[in-house]
Amino acid sequence: MKPKRISILLQVLLVFVTVLALLETAHAQGASARQVVTLEVLELNRIDINMMSLTLTIQDANAQAGITIPAANSDGVLFWTTNGENKKITVASSNASPRFELKLMAVDVTPRAGVPVPEIIFNDTQTKDFITGVTKTSGRCQIRYTASAPIQAGVGRETYVITYTITGS
Amino acid sequence: MKRPARLLFPVLLSVYVLAASSESVQAQTYGSDFHRVTVTVATITLLQTNIGSINLSITGSSVIAGQDLMTVSDQSSTLLWGTNSSGKKVTVRTNLAAPKYSLKVAAINPTSGTAASEVTLSTTSTDFLLNIGRSSGSCAIRYTALALASQGTGSDVHTITFTITNQ
Chain A
1 MKPKRISILL QVLLVFVTVL ALLETAHAQG ASARQVVTLE VLELNRIDIN MMSLTLTIQD
61 ANAQAGITIP AANSDGVLFW TTNGENKKIT VASSNASPRF ELKLMAVDVT PRAGVPVPEI
121 IFNDTQTKDF ITGVTKTSGR CQIRYTASAP IQAGVGRETY VITYTITGS
Chain B
1 MKRPARLLFP VLLSVYVLAA SSESVQAQTY GSDFHRVTVT VATITLLQTN IGSINLSITG
61 SSVIAGQDLM TVSDQSSTLL WGTNSSGKKV TVRTNLAAPK YSLKVAAINP TSGTAASEVT
121 LSTTSTDFLL NIGRSSGSCA IRYTALALAS QGTGSDVHTI TFTITNQ
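These protein sequences, in sequence, are chains A and B. Residue 3 in our numbering sits at position 3 of the first sequence, with consecutive numbering throughout. Residue 112 in our numbering sits at position 112 of the second sequence, with consecutive numbering throughout.
In short, the hints are calculated from the structure, not lab data. Some hints could be false.
Calculated from the model, a selection of chain B residues having no Cβ within reach of chain A, i.e. all distances over 10 Å [claimed, not checked]:
hint: 1; residue: S112
hint: 2; residue: A116
hint: 3; residue: E118
hint: 4; residue: S135
hint: 5; residue: A140
hint: 6; residue: T153
hint: 7; residue: T161
Calculated cross-link-like contacts (lysine to any residue; reagent style SDA-like; alpha-carbon spacing at most 25 Å) [claimed, not checked]:
hint: 8; chain 1: A; residue 1: K88; chain 2: B; residue 2: S61
hint: 9; chain 1: A; residue 1: K88; chain 2: B; residue 2: L80
hint: 10; chain 1: A; residue 1: K103; chain 2: A; residue 2: N73
hint: 11; chain 1: B; residue 1: K104; chain 2: B; residue 2: L80
hint: 12; chain 1: B; residue 1: K89; chain 2: B; residue 2: T120
hint: 13; chain 1: A; residue 1: K136; chain 2: B; residue 2: K89
hint: 14; chain 1: A; residue 1: K136; chain 2: B; residue 2: L80
hint: 15; chain 1: A; residue 1: K103; chain 2: B; residue 2: V157
hint: 16; chain 1: B; residue 1: K104; chain 2: A; residue 2: K88
hint: 17; chain 1: A; residue 1: K88; chain 2: A; residue 2: T125
No residue lacks a Cβ here, since even glycine has one placed at the ideal position from N, Cα and C.
Could you put the whole structure together from the sequences, leaning on the hints where they help?
The following block contains the structure:
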């Protein structure tokens, strides 16, 4: 066989093998690709408040009754989210022995986001339930503080650090 | 100068004789033959992801107090493709028939073709990339998971299948 023919034959074989290899590759890898995606949602609890500080000023009194007129503030809003079950929101004051009287109440609680307890009086530092029955929900409520002071308490200023916590029931 | 001139003639003659001889060799043909070489290129479609598994986890940083919706996104993986056929597209589907949470996917910055709109994954194949005919390219794969606080905790495992198909 002439060298020229051998060369051509080799070239044809090379092309054939290359095409076969390409077809084999295409067949092996196919026209689809797979990916496994795992999504995990762990228990998450979030609580937030819109105002870092607020002031209540008692500046009027009922002369006939001989008492001061309470001051109220509902500017604060509390927000919470949990995907866990059987949670509640508690509240605690930093003031162990207050001179005046400060009360707290949840107003306009998002439906099915929890059950507010009756008005709370901050007369110690004990943690108290504020909203119960919080399960897999998100919600909000207005925080209404009411401050009052007996005439005998005189004038003055008190600071409370109020801490809201979402916790297990 | 006369001697070199006299030598020039034999040299030129020798060159002419050699050139003529070479031409004569090339012109000598004792026979010829030919054959036909056919190269066939089949339709080739290749599709591959650079990462086999993706983990999405909704953490505290993606949760906002007062909002029911919690989300997380991942754009760490890439889809690579090659096709020598026109009129092709890439579709996507999941094997999970009833996921607890919603999972969306979108093609980001494709080097060729057109990204379809972000789709919520289901077991029905949905367009992911359009007009990718006769090209090789890549795009980022963006997954976005949506979970509601009211759905509680849990996990979903999807096997996502990307497919090149006729458009």
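If any of the earlier hints don't hold here, list their numbers in rising order.
-> 6, 7, 9, 13, 14, 15, 16
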